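Participant: As a plain string of letters, each chain reads:
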Amino acid sequence: RKEVEQDPGPFNVPEGATVAFNCTYSNSASQSFFWYRQDCRKEPKLLMSVYSSGNEDGRFTAQLNRASQYISLLIRDSKLSDSATYLCVVNRRAYNTDKLIFGTGTRLQVFP
Amino acid sequence: NAGVTQTPKFQVLKTGQSMTLQCAQDMNHNSMYWYRQDPGMGLRLIYYSASEGTTDKGEVPNGYNVSRLNKREFSLRLESAAPSQTSVYFCASSGTLYTGELFFGEGSRLTVL
Chain L
1 RKEVEQDPGP
11 FNVPEGATVA
21 FNCTYSNSAS
31 QSFFWYRQDC
41 RKEPKLLMSV
51 YSSGNEDGRF
61 TAQLNRASQY
71 ISLLIRDSKL
81 SDSATYLCVV
91 NRRAYNTDKL
101 IFGTGTRLQV
111 FP
Chain F
113 NAGVTQTPKF
123 QVLKTGQSMT
133 LQCAQDMNHN
143 SMYWYRQDPG
153 MGLRLIYYSA
163 SEGTTDKGEV
173 PNGYNVSRLN
183 KREFSLRLES
193 AAPSQTSVYF
203 CASSGTLYTG
213 ELFFGEGSRL
223 TVL
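One line per chain: the protein sequences are L and F, in this order.
Residue 71 in the working numbering sits at position 71 of the first sequence, and the numbers go up by one each step.
Count along the second sequence from 1, then add 112; that gives the number in the working numbering.
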């Protein structure tokens, strides 16, 4: 079983729709959590951190459920420019070393 | 702003050939990383360097070597390329992983025939 699992999609949604992605992680020692965005044939870039209390950044809302070990990303009012792959990332700390574990990503396609 | 620069962007090799991927960052980061990305596998860490003068194996180090030449530069070498090393390679750097922010280069697409 992969340490970080995501539905690969694709999620095909019309402009203006609300879409949510979930991600589960298996290691309860995971300390911090992030969402990255990767455009087609480009490098990944940090989208947002995920805080225990949940957090928003404009149209994007991230939530963490430690008890169930899952993270979610909600995108409201989807734009064509949101089309990308969204990577769930977990920071696992061991022996004073941080290690980022990447999920395989969920592909989002927003259509007109 | 250059950020993380890696070269070459594309390379085709024959099985058994060797090559070096170069990476440089101008953000004064201590830590640098090499990842490979394959369909359905996600990003997997090959090697990393927590600081100048140190290197450590990641998840998939076999068939690769690295050199942290100085604080700015971190190279990845394939001594004898194999078709299984066909992949997209990303170099990255960070000040601290606690914030979760890795800065990636644009990637190097390597095909081994």
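Because the hints were derived from the structure by calculation, they are not lab data.
Among the clues, some could well be false.
As the list claims (entries may be wrong) - The calculated lysine-lysine pairs, modelled on PhoX-like cross-linking and capped at a C-alpha distance of 20 angstroms, are:
#1 L:K2 / L:K42
#2 L:K45 / F:K121
#3 L:K79 / L:K42
#4 L:K2 / L:K99
#5 L:K45 / L:K99
#6 F:K169 / L:K42
#7 F:K169 / L:K99
#8 F:K169 / F:K183
Here the structure is a predicted model, which means the values were calculated and not measured.
Participant: All the hints need checking, so say for each whether the structure fits it.
Facilitator: Here is what the structure says about each hint:
1. Among the hinted pairs, K2 (chain L) with K42 (chain L) is inconsistent with the structure: their alpha-carbon atoms are about 24 angstroms apart, more than 20 angstroms.
2. Proposed proximity of K45 (chain L) and K121 (chain F) is supported: the alpha carbons are some 18 angstroms apart, at most 20 angstroms.
3. In summary, the hint linking K79 (chain L) to K42 (chain L) is supported, as the alpha carbons are separated by about 19 angstroms, within the 20 angstroms threshold.
4. Note on K2 (chain L) and K99 (chain L): the hinted pairing holds, with a Cα-Cα distance of about 15 angstroms set against a maximum of 20 angstroms.
5. As the CA atoms of K45 (chain L) and K99 (chain L) are separated by approximately 17 angstroms, the hinted pair is consistent with the 20 angstroms bound.
6. Distance restraint check for K169 (chain F) and K42 (chain L): the Cα-Cα separation of roughly 25 angstroms exceeds the 20 angstroms cut-off, and the hinted pair is therefore not satisfied.
7. Of the pairs offered as hints, the one joining K169 (chain F) and K99 (chain L) holds, with about 12 angstroms between alpha carbons and a cut-off of 20 angstroms not exceeded.
8. For the suggested pair K169 (chain F) and K183 (chain F), the alpha carbons sit about 18 angstroms apart, so the restraint of at most 20 angstroms is met.
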